[in-house]
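Listed below, chain by chain, are the residues.
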Amino acid sequence: MTAAQPPSSAFLRCTQLSTKYANRHSVLHDVSFAIARGERVALIGPNGAGKSTLLRVLVGVQPYAGSVSVDGIALTPSAAAQVRSRVGLVFQNPDDQLFSPTVGDDVAFGPAAHGIEGDERDERVAEALRAVGLDAAAERNPAHLSFGERRRAAIATVLSMRPALLALDEPSSNLDPRHRRGLIEWLNSRPDLTLLLATHDLDMAAETCDRAILLSGSIAADGPAREVLSDTQLLARHGLEPPLGLQSLRFRE
Amino acid sequence: MLSAAAISPERRAGSAADPRAAGAALIVTIAALLLLPADLRLLLVALALAGLALLARQLRRLLRRLRLVLPMIAVFCAFIALRMADGTTLYSFAGLELTRGGLQAATALGARLLLLASASLLFVLSIPLQQLTAALAALRLPARVIAVLWLTERVLVLLGDDLRRSLEALRVRAGTLSRAARMRAAARIGGTFLLRAVARSERLADAMAARGFQGRVPVLRSLRWRSHDTALCAGSILFFTALWMVR
Chain L
1 MTAAQPPSSA
11 FLRCTQLSTK
21 YANRHSVLHD
31 VSFAIARGER
41 VALIGPNGAG
51 KSTLLRVLVG
61 VQPYAGSVSV
71 DGIALTPSAA
81 AQVRSRVGLV
91 FQNPDDQLFS
101 PTVGDDVAFG
111 PAAHGIEGDE
121 RDERVAEALR
131 AVGLDAAAER
141 NPAHLSFGER
151 RRAAIATVLS
161 MRPALLALDE
171 PSSNLDPRHR
181 RGLIEWLNSR
191 PDLTLLLATH
201 DLDMAAETCD
211 RAILLSGSIA
221 ADGPAREVLS
231 DTQLLARHGL
241 EPPLGLQSLR
251 FRE
Chain S
1 MLSAAAISPE
11 RRAGSAADPR
21 AAGAALIVTI
31 AALLLLPADL
41 RLLLVALALA
51 GLALLARQLR
61 RLLRRLRLVL
71 PMIAVFCAFI
81 ALRMADGTTL
91 YSFAGLELTR
101 GGLQAATALG
111 ARLLLLASAS
121 LLFVLSIPLQ
131 QLTAALAALR
141 LPARVIAVLW
151 LTERVLVLLG
161 DDLRRSLEAL
171 RVRAGTLSRA
181 ARMRAAARIG
191 GTFLLRAVAR
201 SERLADAMAA
211 RGFQGRVPVL
221 RSLRWRSHDT
231 ALCAGSILFF
241 TALWMVR
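Top to bottom, those sequences are chains L and S.
Its first residue numbered 1, the first sequence is counted upward by one per residue in the working numbering.
Its first residue numbered 1, the second sequence is counted upward by one per residue in the working numbering.
The hints are simulated quantities; they were obtained by calculation from the structure and are not laboratory data.
Heads up, a few of these hints could be off.
Using C-beta positions, here's what the derived DEER-type ranges look like [claimed, not checked]:
#1 S:M72 / L:A74: 50 to 58 Å
#2 S:L66 / L:G118: 53 to 61 Å
#3 L:G118 / S:L159: 33 to 41 Å
Even glycine gets a Cβ: it sits at the ideal position worked out from N, Cα and C.
Using the sequences provided together with the hints, build the complete structure.
Written out as structure tokens, the structure is:
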């Protein structure tokens, strides 16, 4: 499976992207892809493939070589703030993302940091909390929420920034089946979102994304989710276990 | 002195007293405690603080937090009592003497320290952190100091969780280890814990940067100085001035 031709009207474009860990171990090498506005892309790969690192690059917290542009803006240190207002990254561990004394404050943090004040900020906070079903938890301490609630709160912290691209890092990890199902349904209820989903959960990828990129240091495959996720040999070659119920996978149509 | 109006835990933005007033009252309390002689007036202050803690429904939390401070105060008082050779010797052991004067000095100092800790804890327990940071920002404290204060509570909770999990993991696997071996393992956990703390702080920093943080904690609550804040400040100053004058 070859890399898909980058769409001309790409919202996100990475060209010859390479990056290393702090110990100089190379993690991504010569990665090029583009995502159009409204596209929903699953980023799959084994542990250490560079999925999380790639997401960190997109918000400018991971140094890289090559070029990255979001909505036509080249990701440089001086343009990082503009890019961050367009890309909302939900980290793998919600405890790394929730740092304010109350959930409401945390959700308000992003808009406030981008200079949004007053009624508009309050409206965004209320809307984001409502979207994840946590409107009654605004005054609660994040430490007092269950893991599933913290995960949803972490998503709300990003939604309040109204990002054009929502990037989720392993969103289903540590979620019980009910909350995982709820998250899938919520993602599918938002067809307007441009989505980049880094996950091991191939069933979730199939249900929520149209396209899949298999990452293993570099791009090993890029194509329609149905094709990539059905290629059992390709998945096995890259240390991924094909879904058990491959025939019954509910691909997003 | 902190007023009941200023320390109600039910306060919300808009109806809240300005935490700057409570801060000013705290400073007056500390100054008065340092200046007042050690006699019944200290008891009066202690009763006033306890009354405020009760009004603010914080007495239990206050007592719970005080337990963390008590050992430090006890060690400090013991040091003072044994080092000050003044008056009749009450007890001597291994070259150390406990005198009546030393005991009195240590008791007075202990009472003061305890009251100072109570006043400070009551202040922290009664003012929501987001209002406290807003007040500090309004007082033009450096952004870096405010950011550190703002993050401290959350980071301490997370690090406490990490430490608890590490110790539990040690406990479930340490069944046959000797006490010395357990101590060595616990010391190793200390090192690992520090590394984890650094890694976690880096991840938090990334998460903040990803949402646009550029070194300044956004002020989410606007503060208003109200008439009862003026009354609080005036009342606390009058109260301690009166105590000072009648000493």
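Hint check:
1. S:M72 / L:A74: 50 to 58 Å: 54 Å, holds
2. S:L66 / L:G118: 53 to 61 Å: Given a distance of about 41 Å, which is not inside 53 to 61 Å, the answer is violated.
3. L:G118 / S:L159: 33 to 41 Å: Since the Cβ atoms of L:G118 and S:L159 sit about 35 Å apart, the hinted range of 33 to 41 Å holds.
Hint compliance for this structure: hint 2 is the single one not met.
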